[in-house]
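If you want the building blocks of each chain, they are given just below.
Protein chains: 2
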Amino acid sequence: MELLLERDSLRDGRPVYRQIADHFLAEIERGRLAAGARLPAIRDLARSLRVNRDTVALAYDTLANAGAVESTVGRGTFVRARAAEAVAATEAAPPDLSPMTENLLELERSRPRFGSEVDAIPMHSLIPDPSLFPAAAFRKLLGRVLQEVGPELLLYGGPQGLPRLREVLAERFREAGIDVGAEGIVLCHGASQGIHLATRLFAEAGDTVALEEPTYNNVLAVMRGLGLKTLPVPMRDDGLDLDALDHALARPDVKLLYAIPTFHNPTGVTTTLAHRRRLLEIAARHRKPVLEDAYEMDLRLSGRAIPSLAALDTAGLVVHLFSFSKSLFPGARVGAISARGRIVDALVAQKQATDLSDSMLLQAALAEFVANGGYDRHLRKLRRVLCERCDALLGALEREMPDGVRWRRPDGGYQIWVELPEGIDTGELLADAVGAGVLFAPGFLFNHDGRASNRLRLTFAMAGSEPLQRGVMTLARLVRERLERGPRRLARVHI
Amino acid sequence: MELLLERDSLRDGRPVYRQIADHFLAEIERGRLAAGARLPAIRDLARSLRVNRDTVALAYDTLANAGAVESTVGRGTFVRARAAEAVAATEAAPPDLSPMTENLLELERSRPRFGSEVDAIPMHSLIPDPSLFPAAAFRKLLGRVLQEVGPELLLYGGPQGLPRLREVLAERFREAGIDVGAEGIVLCHGASQGIHLATRLFAEAGDTVALEEPTYNNVLAVMRGLGLKTLPVPMRDDGLDLDALDHALARPDVKLLYAIPTFHNPTGVTTTLAHRRRLLEIAARHRKPVLEDAYEMDLRLSGRAIPSLAALDTAGLVVHLFSFSKSLFPGARVGAISARGRIVDALVAQKQATDLSDSMLLQAALAEFVANGGYDRHLRKLRRVLCERCDALLGALEREMPDGVRWRRPDGGYQIWVELPEGIDTGELLADAVGAGVLFAPGFLFNHDGRASNRLRLTFAMAGSEPLQRGVMTLARLVRERLERGPRRLARVHI
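Residue numbers (our numbering), protein chains in the order written: chain R, 1 to 495; chain C, 1001 to 1495.
Fair warning: there could be bad hints in the mix.
Cross-link-like lysine to any residue pairs, in silico, SDA-like; alpha carbons within 20 Å at most [stated by the list, open to error]: (1) Lys1381(C) / Leu155(R); (2) Lys1229(C) / Glu1106(C); (3) Lys381(R) / Ser465(R); (4) Lys140(R) / Glu1388(C); (5) Lys1140(C) / Pro1151(C); (6) Lys1229(C) / Gly1206(C); (7) Lys381(R) / Asp403(R); (8) Lys381(R) / Gly464(R); (9) Lys140(R) / Arg1144(C); (10) Lys229(R) / Gly1206(C); (11) Lys1140(C) / Gly1158(C); (12) Lys1381(C) / Ser1327(C); (13) Lys229(R) / Asp1096(C); (14) Lys1229(C) / Thr1208(C); (15) Lys381(R) / Glu1152(C); (16) Lys140(R) / Ala1136(C); (17) Lys229(R) / Asp1207(C); (18) Lys1140(C) / Leu141(R); (19) Lys1140(C) / Pro151(R); (20) Lys1140(C) / Glu148(R); (21) Lys381(R) / Ala392(R); (22) Lys140(R) / Thr1208(C); (23) Lys381(R) / Leu301(R).
Simulated from the structure, these hints should not be mistaken for laboratory data.
Between the sequences and the hints, there should be enough to build the whole structure, so can you do that?
Laid out in structure tokens, this is it:
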């Protein structure tokens, strides 16, 4: 074999290893090195060319990356079958995505797409009703703060977020029993970014996060997108199974718990004070942080508020997430993370390294809206509407649903978890419902492995009382039809 | 040893493994198990308690996590010295942060904090001057779009971003030679989030990213915050060293290149067409994606535009980042990522899994501002001001700086890279400059390992012509003073 190699790589502008690799590629393309041909041993070629062995090894790696050769330990490096085609294909192919991104795309593909039915009754959605948004008041505030503060409001903010909004939020949180000041709050781009940021403080690719099952479906995607594994901890009628939680947090690979103790999504469960205390004892014993998602905390519809995990936390383990997305509107993209000690510093650093800062303009307008009482007035009005809708939905379930269908009145939030008789796959039922103009969220969406479920989530976020009642009538008819056909075995859906 | 164990763990509510662990903790606390004492072998204890061996192993893991015992393979499990104190300390300690977060905090600690000097001349800052922001026009547009579209504009947007803004941007990008439609653009929360999202498509914790050296300082934090390693590729006077790049991209652990080919930060270099073509050939040969940060692309001050990497890319390897932060204002927090094929799907999925969506309200107002010609009018005005400031700064450098100080006129952007004579550490010079009321960005900030540098970055973003001239006079005086003291060896700064 002849290898015309310019040892002074600067002469033709290519590094030495590249010249070696290109030489072999050309030989393969011209058919002078056939499939199965053995390349010289690294040591021999390095000696004959008077180059370093690493240089030859790098050339061979490059050939292997291009799909031209393969190496077998102890045997040598050989030209692969169809090497020339492989090289040509490689050069035209897009770059590889990381395994965690492929994993996320696989989850996305398995998800149902809702909502092409324009007239369908939207009992699937946790998105608040825009007809209830105080849009005009917010518009005026936006104009006012920008005029009063001036163009400086369009600069970058600090990564921790606007002090004024942190102050008014801290005051509200303290009223709810959480011992936090403005310095313990980090503003973020919706609670969804809060989940993302806080999780990354404690876990990195390959680690495991303990999650309720069922749980908020998007959090499963968040964890996949971060390359994390999830460990399901079953939800009981009164909240997380604490024995199972104890076992989960004992595992060294489990770095944190994500939980929704108040108006749980999707089940609507609010845990008792005793349950919360026991949960915190378990977390403290294992010294594992708890990410408390309190995204609907301002939407209590009945009963008295139960202190949040953050209010009960004495060990500094709870990271508390608040959001305006459900109680005001999602479009402000403002959430708030409360934490203590070094966790706050770490959150600020990760926020800065993620997207520098959020919009000060939106935060400033929101701060005024909270401070001037507009937010509380809005909440009072919103809760009145939601109580009425919730009653309408519960009344319709009571009237329409056949025996064997179970649900519970939620103390707040937007969602009611409905259990159908065993054997009804709510994923299959959804196909019937879409055809009949009704949408709901089937239970498999909230299971870690996407397995079928006889449960479904109804919401009274988007739809008014009258459509809700019509929706339940339709749904009840579809359930009865399924029951008359007899029970079926639940299928497994892969996500 | 006596172990009173309720085999029916439900009796006292604790799981069996926990009862075993608690028993030993109590024995240690009471002093009945002293440091060095050996616990029963797992197999023996499991047999005598009639429990599974895994249960005992889990109990011992829990004790080890709490710092109470340590295990040596083949020898057994022993009570540690000061085990009781360790357990008590553990229970009060905050949770552990992930290694990547600790790593990020370490980087943050090593950074200088600027800007307590209210009157200092801000030649360090890449933040645009708010006195030039078209704030009044934007305020009116915000009010108008919200009134015209209605409260729906305060809902979640799609994760890809508002179609209208993607359309007007695609039109501009096509004028710049980039073959992209609205469907190939993903809006994001500033180019900084674009870097974060796009990097995560290709690399996960433990992988390596090739970066220019020197490079945009915040990108070093972004990579640390993602648990990624960085591989520096040296910048020459004409751009990236392409031989070094070829070697870097040949490494299997290097998953992508992040580069700023136009108005490079911090050096101001804009690469030639030939350099860009060679860079793309190298990337295609190794099939490695290139993240092209074009954050100042709309700020050309002289000469003709050179096609971006995205415009020259035939292999679908370039992910192109655009931002309004420098050419309009950062407070809108709007950037745009252009890509092709599956990369777009992956970006949308990662954006959704990161923070669901951005503010449609801000995107809608920005879309109108671009569509109605307001953005282009603003750019013309801004470029006029920047040309004047750039001339003032260059003129002052020419007049004031002693021999041996070098710089080049940039074709655009906000920054000028100044090389001082060997032996002057610009990190040390900064201390003098702060005292004299002048701020600049010392070269070590932009080095991967934070090593000292005789270079510094001056900007004409925030300061007007007159303060820039005064600032250079002061700086030149400080440089002359250092030169008179004679050369010094550059110190190494750890970051």
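Hints and how they fare:
1. Lys1381(C) / Leu155(R): holds, 19 Å
2. Lys1229(C) / Glu1106(C): Holds - the C-alpha atoms of Glu1106(C) and Lys1229(C) are around 14 Å apart, at most 20 Å.
3. Lys381(R) / Ser465(R): Holds: Lys381(R) and Ser465(R) sit about 16 Å apart, inside 20 Å.
4. Lys140(R) / Glu1388(C): violated, 38 Å
5. Lys1140(C) / Pro1151(C): Holds: Lys1140(C) and Pro1151(C) sit about 17 Å apart, inside 20 Å.
6. Lys1229(C) / Gly1206(C): holds, 7 Å
7. Lys381(R) / Asp403(R): violated, 35 Å
8. Lys381(R) / Gly464(R): holds, 14 Å
9. Lys140(R) / Arg1144(C): Distance ~11 Å between Lys140(R) and Arg1144(C) Cα, so the pair holds.
10. Lys229(R) / Gly1206(C): Holds, at about 17 Å.
11. Lys1140(C) / Gly1158(C): The given pair, whose Cα atoms are some 25 Å apart, is violated under the 20 Å limit.
12. Lys1381(C) / Ser1327(C): Status holds; Cα separation ~11 Å.
13. Lys229(R) / Asp1096(C): holds, 18 Å
14. Lys1229(C) / Thr1208(C): This hinted pair holds, its Cα atoms lying about 4 Å apart.
15. Lys381(R) / Glu1152(C): Holds, because 19 Å separates the two Cα atoms, which is no more than 20 Å.
16. Lys140(R) / Ala1136(C): This hinted pair holds, its Cα atoms lying about 14 Å apart.
17. Lys229(R) / Asp1207(C): holds, 19 Å
18. Lys1140(C) / Leu141(R): holds, 13 Å
19. Lys1140(C) / Pro151(R): holds, 13 Å
20. Lys1140(C) / Glu148(R): holds, 14 Å
21. Lys381(R) / Ala392(R): holds, 17 Å
22. Lys140(R) / Thr1208(C): The given pair, whose Cα atoms are some 48 Å apart, is violated under the 20 Å limit.
23. Lys381(R) / Leu301(R): holds, 11 Å
In this structure, the hints that do not hold are numbers 4, 7, 11, 22, in rising order.
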